[in-house]
Amino acid sequence: MATTQYPSFVMKQAKILLLIAIVLLSLTLVSCSAWGRQSPGGWAGTTIHDGIIYVGTGDGRVVAINSSTESLEWDYPILTRTQSGGLSCGETSVATAIYGTPVVDGGIVYVGTYSGRVFALNTSARSQDFDSLQQRYGEWKWPVDDSAPSSPIVADLLLSGSNVYVSSSNGGVYSLDKRSGDENRKRGVDIPVLANKLWTSPAILDSTLYVSTYDGHIYALSVDEEGMLSSSNWSFESDAGFASSPVIYEDTIFLGSFDRYLYAVNGTIGGDKPMWKFPEEKPAGNWFWASPVISDGIAYAGCLDGLLYAIEARTGEKLWEFDTEDPIVTSPVLMDSLLIVVNESGTVYVFDLDGELVDEAIPLKTISIDAAVRSSFCAQEGLVYIRGEDNHLYAVDIDVGRIIWEIDLAVEE
Amino acid sequence: MAVWYLIIANPILNVLVALTNLLGGSFGGAIIVLTIIVRLISWPLTKRQLNSTKAMQEMQPKIQELQKKYGKNQQKLQQEMMKLYKEAGINPLGCIWPMLVQLPIWIALYQAIMSALATTPESLLGLAQRLYSWDIVNQAIPLSSSFLWLDLGQPDPYFILAIIVGGTMWVQQKMTTAPTVDPRQQSTNRMMTLLMPLMFGFLTLMFPSGLALYWAVSNIIGIVTQYFVTGGWGYLKPRSPS
Numbered sequence: 001m002a003t004t005q006y007p008s009f010v011m012k013q014a015k016i017l018l019l020i021a022i023v024l025l026s027l028t029l030v031s032c033s034a035w036g037r038q039s040p041g042g043w044a045g046t047t048i049h050d051g052i053i054y055v056g057t058g059d060g061r062v063v064a065i066n067s068s069t070e071s072l073e074w075d076y077p078i079l080t081r082t083q084s085g086g087l088s089c090g091e092t093s094v095a096t097a098i099y100g101t102p103v104v105d106g107g108i109v110y111v112g113t114y115s116g117r118v119f120a121l122n123t124s125a126r127s128q129d130f131d132s133l134q135q136r137y138g139e140w141k142w143p144v145d146d147s148a149p150s151s152p153i154v155a156d157l158l159l160s161g162s163n164v165y166v167s168s169s170n171g172g173v174y175s176l177d178k179r180s181g182d183e184n185r186k187r188g189v190d191i192p193v194l195a196n197k198l199w200t201s202p203a204i205l206d207s208t209l210y211v212s213t214y215d216g217h218i219y220a221l222s223v224d225e226e227g228m229l230s231s232s233n234w235s236f237e238s239d240a241g242f243a244s245s246p247v248i249y250e251d252t253i254f255l256g257s258f259d260r261y262l263y264a265v266n267g268t269i270g271g272d273k274p275m276w277k278f279p280e281e282k283p284a285g286n287w288f289w290a291s292p293v294i295s296d297g298i299a300y301a302g303c304l305d306g307l308l309y310a311i312e313a314r315t316g317e318k319l320w321e322f323d324t325e326d327p328i329v330t331s332p333v334l335m336d337s338l339l340i341v342v343n344e345s346g347t348v349y350v351f352d353l354d355g356e357l358v359d360e361a362i363p364l365k366t367i368s369i370d371a372a373v374r375s376s377f378c379a380q381e382g383l384v385y386i387r388g389e390d391n392h393l394y395a396v397d398i399d400v401g402r403i404i405w406e407i408d409l410a411v412e413e
Numbered sequence: 001m002a003v004w005y006l007i008i009a010n011p012i013l014n015v016l017v018a019l020t021n022l023l024g025g026s027f028g029g030a031i032i033v034l035t036i037i038v039r040l041i042s043w044p045l046t047k048r049q050l051n052s053t054k055a056m057q058e059m060q061p062k063i064q065e066l067q068k069k070y071g072k073n074q075q076k077l078q079q080e081m082m083k084l085y086k087e088a089g090i091n092p093l094g095c096i097w098p099m100l101v102q103l104p105i106w107i108a109l110y111q112a113i114m115s116a117l118a119t120t121p122e123s124l125l126g127l128a129q130r131l132y133s134w135d136i137v138n139q140a141i142p143l144s145s146s147f148l149w150l151d152l153g154q155p156d157p158y159f160i161l162a163i164i165v166g167g168t169m170w171v172q173q174k175m176t177t178a179p180t181v182d183p184r185q186q187s188t189n190r191m192m193t194l195l196m197p198l199m200f201g202f203l204t205l206m207f208p209s210g211l212a213l214y215w216a217v218s219n220i221i222g223i224v225t226q227y228f229v230t231g232g233w234g235y236l237k238p239r240s241p242s
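Chains A and B, in that order, are what the protein sequence lines are.
Numbering-wise, the working numbering puts 402 at position 402 of the first sequence, and it's gapless, one number per residue.
Numbering-wise, the working numbering puts 170 at position 170 of the second sequence, and it's gapless, one number per residue.
Calculated from the structure, these hints are not laboratory results.
For every residue, glycine included, the Cβ atom is placed at its ideal position computed from N, Cα and C.
Please note that a few of the clues may not be correct.
[Unchecked claim] The calculated label-pair distances, taken between Cβ atoms and stated as ranges, are:
(1) B:Asn51 to A:Ser235: 44 to 50 Å
(2) A:Thr92 to B:Ser123: 47 to 53 Å
(3) A:Asp146 to B:Gly126: 30 to 36 Å
(4) B:Ser123 to A:Asp146: 57 to 63 Å
(5) B:Phe159 to A:Glu312: 36 to 42 Å
(6) A:Gln135 to B:Leu205: 40 to 46 Å
(7) B:Gly25 to A:Gly297: 36 to 42 Å
(8) A:Asn266 to B:Trp43: 50 to 56 Å
(9) B:Phe159 to A:Gln135: 41 to 47 Å
(10) B:Phe202 to A:Glu225: 54 to 60 Å
(11) B:Leu194 to A:Val144: 48 to 54 Å
(12) B:Leu205 to A:Ser232: 52 to 58 Å
Produce the complete structure using the sequences and hints provided.
Printed below as a string of structure tokens:
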């Protein structure tokens with residue numbers, strides 16, 4: 001760029017350069033604030049156990065809410081010391097994002113965090129409001145050492161038998177003893193690293209763990225009696241990456257791909273030919289981001305193009321579809337004979353699977369919660385519990401057809 | 001904002017992803033090819049700028065004569081120089097436009113890199129709404145951020161790219177900054193020649209290296225085209241102002 005001899009021109013140039021600098025500096029500051037933001041986000045969903053709803057909040061806490069009294073039983077903040085990026089962001093203790101929905105078993109709540117930690121929280125200990133984790137109550141954290149290197153955990157944890165299986169952003173799959181949090185790994189043996197990063201949850205069938213990757217593979221890992229993982233010969237390879245976590249139904253693995261198809265893969269043959277791909281002809285309008293649910297031989301799959309599909313699980317034939325008009329980010333949920341679907345704009349659709357559903361389905365109920373929804377949700381005894389992106393927990397009564405209560409999950413200042 | 005995404009940000013994002021697929025999954029290669037495409041599109045503006053630079057180089061003896069003649073009368077000097085530029089059909093500010101044209105591309109590219117590399121789960125999900133339904137695009141997702149020693153979604157930790165960006169920008173500036181006899185002007189020129197490379201070198205340390213790669217390649221293309229269009233290294237070679 002030429003600089004002229006003329007002072008007024010130089011001044012004009014300097015002003016324009018200053019403008020450019022301001023724009024670029026603004027971008028820098030925006031990126032700094034994004035890296036070091038106070039609200040960690042995450043899309044952890046809800047799970048219900050013995051009348052208590054467990055949920056990861058948008059401000060980085062695990063919260064237990066009594067569904068009858070609508071009151072807070074306990075909460076546990078997940079904090080991480082971090083070195084943030086940017087100009088003025090120093091080391092600080094920040095709340096951590098939680099993407100995986102808590103899993104509950106035997107009074108222990110298991111949750112994976114974006115700081116790369118897995119926490120086992122005892123409901124009794126948490127009710128007593130202890131500051132630190134109580135080993136005597138069976139609480140633990142993995143890795144134990146705060147300074148141990150770890151990669152973000154985005155996927156839901158898988159609890160099976162006496163083990164917790166963890167997909168990590170470092171591409172590794174870890175098997176932890178659910179009682180102690182110890183890694184089920186022989187000394188000197190590396191963990192199986194399957195991809196550059198794993199943001200999808202594993203699925204288990206008998207003693208085989210199936211893991212899908214963003215680079216288009218499904219791998220099978222054998223689990224021995226001590227919970228140790230080892231590679232197996234089975235694998236499946238596709239041209240496009242897999243967007244969703246695998247779901248297993250009668251030896252068949254169902255999962256969505258970035259090429260806008262839903263795949264059904266034979267869990268015993270593997271290879272590179274799926275049993276079927278849906279839609280049969282041209283791809284869907286967007287990715288199948290959420291895992292499908294399968295019941296009575298029918299797969300119910302929500303797509304980011306807003307359509308909910310009912311597909312014959314054996315053949316891949318479309319039975320019916322329904323347009324929710326907004327992306328379906330989270331998996332449908334079955335409650336008795338009801339199929340519940342929530343789209344990203346927060347509209348809850350309820351379908352009666354016992355009714356006549358042919359070609360174009362008509363929902364039994366349509367209820368709006370007026371909040372964006374990206375988190376998985378749970379349903380029990382006619383109530384659906386949904387965490388909105390506004391960090392509120394909504395209880396939706398299917399019979400009444402409206403929200404019966406709503407709780408702000410944010411900590412009061 | 002919707003217009004911004006429709007017209008600039010989304011096309012750049014999709015072209016980048018499609019190029020990545022064509023180049024066997026190399027996102028860095030796609031950024032380099034995109035840089036070349038952008039430079040080709042902005043070639044008419046660049047050519048005008050280079051011709052202007054060349055004409056200004058050729059006018060240097062006349063400008064220096066004017067400076068000697070009217071050095072003590074700034075107002076008269078300005079008038080005479082304006083007259084000279086007008087006669088030669090040169091707009092001294094014309095050289096700014098290629099840079100300003102590239103500014104929205106930088107912003108869109110920054111957004112595209114952050115979006116395409118999907119460094120957070122939210123950005124991966126957000127990507128779904130911005131990609132076209134082309135097979136070539138969808139089969140490339142998700143992209144690998146590795147290129148040479150760089151993680152294209154993060155700043156270069158070894159400062160190599162900052163040195164390359166700053167260095168190439170300095171060379172480019174130096175090639176086009178005419179010497180002057182006026183001491184005040186000399187110091188302004190010196191400051192301007194240093195300010196931009198330093199600023200961009202610093203920004204390289206702050207921004208994803210994918211964007212810095214665009215700057216570096218763009219500068220190198222700029223130097224090469226400048227060399228061939230203006231016929232040499234311009235004012236980079238030291239010469240006496242008199």
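Against the structure, the hints:
1. B:Asn51 to A:Ser235: 44 to 50 Å: violated (60 Å)
2. A:Thr92 to B:Ser123: 47 to 53 Å: Violated - the Cβ-Cβ distance for threonine 92 (chain A) and serine 123 (chain B), about 23 Å, lies outside 47 to 53 Å.
3. A:Asp146 to B:Gly126: 30 to 36 Å: holds (31 Å)
4. B:Ser123 to A:Asp146: 57 to 63 Å: Roughly 27 Å apart at Cβ, these two residues miss the hinted range, so it is violated.
5. B:Phe159 to A:Glu312: 36 to 42 Å: violated (58 Å)
6. A:Gln135 to B:Leu205: 40 to 46 Å: holds (44 Å)
7. B:Gly25 to A:Gly297: 36 to 42 Å: holds (38 Å)
8. A:Asn266 to B:Trp43: 50 to 56 Å: Check passed, 54 Å falls within 50 to 56 Å.
9. B:Phe159 to A:Gln135: 41 to 47 Å: holds (45 Å)
10. B:Phe202 to A:Glu225: 54 to 60 Å: holds (57 Å)
11. B:Leu194 to A:Val144: 48 to 54 Å: holds (51 Å)
12. B:Leu205 to A:Ser232: 52 to 58 Å: violated (45 Å)
Hints 1, 2, 4, 5, 12 from the earlier list are contradicted by this structure; the remaining hints agree with it.
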